[in-house]
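Could you put the whole structure together from the sequences, leaning on the hints where they help?
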Amino acid sequence: MDAINNWMNNSLYKISKILEKDLKTGYHVNSDFNIGLASRGEIYSLLDKMLAVLFPGCYCNEKIPEDEMVFFIEDALREITLKLSKHIRDVLSDESEENNIQKAFEAVSVLIEQLPEIRKALLEDIKTAYNGDPAAKSLDEIVLSYPCIDAIATYRIAHTLYKLEIPVIPRIMSERSHSRTGIDIHPGAQIQPGFFIDHGTGVVIGETCKIGKNVILYQGVTLGALSPFDKKGNPLRGAKRHPDIEDNVIIYANATILGGNTIIGKGSIIGGNCWVTESIPPGTIVYNKNEIKMKNN
Amino acid sequence: MDAINNWMNNSLYKISKILEKDLKTGYHVNSDFNIGLASRGEIYSLLDKMLAVLFPGCYCNEKIPEDEMVFFIEDALREITLKLSKHIRDVLSDESEENNIQKAFEAVSVLIEQLPEIRKALLEDIKTAYNGDPAAKSLDEIVLSYPCIDAIATYRIAHTLYKLEIPVIPRIMSERSHSRTGIDIHPGAQIQPGFFIDHGTGVVIGETCKIGKNVILYQGVTLGALSPFDKKGNPLRGAKRHPDIEDNVIIYANATILGGNTIIGKGSIIGGNCWVTESIPPGTIVYNKNEIKMKNN
Amino acid sequence: MDAINNWMNNSLYKISKILEKDLKTGYHVNSDFNIGLASRGEIYSLLDKMLAVLFPGCYCNEKIPEDEMVFFIEDALREITLKLSKHIRDVLSDESEENNIQKAFEAVSVLIEQLPEIRKALLEDIKTAYNGDPAAKSLDEIVLSYPCIDAIATYRIAHTLYKLEIPVIPRIMSERSHSRTGIDIHPGAQIQPGFFIDHGTGVVIGETCKIGKNVILYQGVTLGALSPFDKKGNPLRGAKRHPDIEDNVIIYANATILGGNTIIGKGSIIGGNCWVTESIPPGTIVYNKNEIKMKNN
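Protein chains in written order, with our numbering: chain A, 36 to 332; chain B, 36 to 332; chain C, 36 to 332.
Derived by calculation from the structure, the hints in this document are not laboratory data.
Among the hints, a few may not be true.
No distinction is drawn between identical chains; accordingly, a pair holds when it is met within one copy or between any pair of copies.
Stated by the list, open to error - Result set (PhoX-like, lysine-lysine): computed pairs, CA atoms no more than 20 Å apart in a straight line:
no.	residue 1	residue 2
1	LYS266	LYS49
2	LYS248	LYS49
3	LYS56	LYS118
4	LYS198	LYS275
5	LYS172	LYS275
6	LYS49	LYS330
7	LYS84	LYS121
8	LYS59	LYS118
9	LYS98	LYS56
This structure is a prediction, so every number in the text was calculated from the model and none was measured.
Written as structure tokens, this is what we have:
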């Protein structure tokens, strides 16, 4: 026990000084944004609050009586306005604090004014899910137990902030949903209403994707970049890197569709495990005739 | 700051009224089931309690002294009976409240009487895991750190309620485990004891699958439907849509096996990334001779 | 209600006795390690504390003032030393309690002395991420919102304990990160600095993998074993079963690379969905020319 005490009294401080020096002088990270674990926890709660406003029967703790609904919603929106604009202000970098406060408030007010539109899109998403999955017994089952609702609602909220050029917070939102659902939708993607992702684990949708109406994806589908680098090996920041998926397309499990010039035409069906890096004309079925071989065990 | 206050005083109420109207008159969702966030939280706790009864050394908070074990178990079962039957009652739709109470209690009592049988099956699952994974150093390591234990235990509990035709709650249970493990087992699947899923992220097992004894799956395996639609484009509700896997089959990473008529015969091995939509005779090795091409970088 | 009370009074105790007997006499699990749910919760908190020491701006609850930083770090390290060594002692199996205490303390002190080295490696990892992902707007965004930071930091901590032959706890750590990120890195793998995993869901890295400097993986990549069994069907415990990846290799989404003799040479690029079970010479591009077929829908 003496050795332990000696080590704690002598070594811990030395190691702490090394780490402190490294944080202060070295290649440090994460001092610009004032957005620690507590702030992220609050952003997560505000996302839950937005879901409760959109689907009170499912995302509130308790059932809200009908005649109290409008007050519940207004209270929730007021809390979201005040708290979310504070977090947004903390990630803005204008030198004038007043400008940051102004821009943060404008962003939150745009987001809140969009909520009825976002709800309308989500109802289209839920309808596509019900029509697309024979295992769904009711619309309510979808809202209560399908991971795509969490992922797509979070995406539609985060996308609104992304368009307003709010840094980091849209990505914090999308990663929270990625962690819970396995579905990784970059807030920059542009996705029309009527979108369904079944099961969803492993789905990746890149920053510059465009997805039309009534599109269905299954688990493991990647809509990604062909290569993140240009010919000189530098990252292709800002370029269109990810595919476009037109209306009424279905893409089965683990298909990989890559490239900023790739367009999957209206009404096409992409089979499972397909690897597509070129455009597909409308109304085409693409399938993967991968030869399997057999022998006796 | 005035603009902010003005907006909050004027716009929030208007937006709240729009959302309220939409909830009351439009295509609303999720008013039938009285199963909000708090109820789902309690269902999750009850699942944990069942795991604690099945594996007290691992899923209890603290070690239970041996001579208190039977009291701990009885207390836990009593709590599960009372609370779970309340939640089940809330999702039943018989017009007579008394019938709902009766049916809910019967469902919980059947589930609790099945727990020793479920534990026996899980011990077979753990044995298969130990024999199937060279990285496992002990049985305890598997129960303490393998995600398949969470996924398969949850499945075996949810399946019991699914067979009793309890709506939504089995799916809420399976999605909780899907969120934590990346393994999506529909409660309707029929899975014999001795089942092991290694790593597991991305595994999808459909509602009408049947899986025999001592089957091993790796990450990313899909046992799914060929298409969710019939020839007229309507969802195939109720039909047998997913494959059967016979005893002693091994299916390697990211293989996709589809279709309600597909049977993988006893003792077969399906190689990684294989795409199988037809039956495979017993004792067959299936592998994917996908040609890779190489060039100098 | 009488039926319910009768059943509770008569059946619950009987079922409890069956489960108790099964736990005491049957093929039980999980009595050796004293590491229940509460202990695992504390191990998770200690992991968070280590992340807070490594990246205080991101993983602390609140911003730490610069002149308090060294005290914050020292306090955190002291708490980690005391609590983690207690949990490690509980999983050690030497008959002498004193030896267990000694070994546990030595393990924690080695881990804490390694933290500056671990931080240096993580900074290389973050740099590779920034250079490898055009969607990353800043280094801070990566630390705040990329799942690979959680996965790789946890791996570097767990690997240090694995090398010191601490049972179970490294796997409990890696599974926690697997659950949150979908990235499953076995603590036994040997991974050089400058490692980046983009998106990450479904990535599996086996126990005996070796990975060089500046390697990039995408979602769904498996670095696994060809088969877990030897020719007699016994698990290959202890053998080298997983591939080696040399410096500056990029492996795209859903590629599967298997086998203990497989070496992917320096600077090679493995295309998405490729299936590789043999060594690849340095500087090679491997791609999967999987034929897709098309027909009109």
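Quick rundown of the hints versus the structure:
| no. | hint | verdict |
| --- | --- | --- |
| 1 | LYS266 x LYS49 | neither (46 Å within a copy, 53 Å between copies) |
| 2 | LYS248 x LYS49 | neither (60 Å within a copy, 29 Å between copies) |
| 3 | LYS56 x LYS118 | neither (34 Å within a copy, 26 Å between copies) |
| 4 | LYS198 x LYS275 | within (16 Å within a copy, 44 Å between copies) |
| 5 | LYS172 x LYS275 | between (39 Å within a copy, 15 Å between copies) |
| 6 | LYS49 x LYS330 | neither (63 Å within a copy, 51 Å between copies) |
| 7 | LYS84 x LYS121 | within (16 Å within a copy, 26 Å between copies) |
| 8 | LYS59 x LYS118 | neither (30 Å within a copy, 28 Å between copies) |
| 9 | LYS98 x LYS56 | between (53 Å within a copy, 17 Å between copies) |
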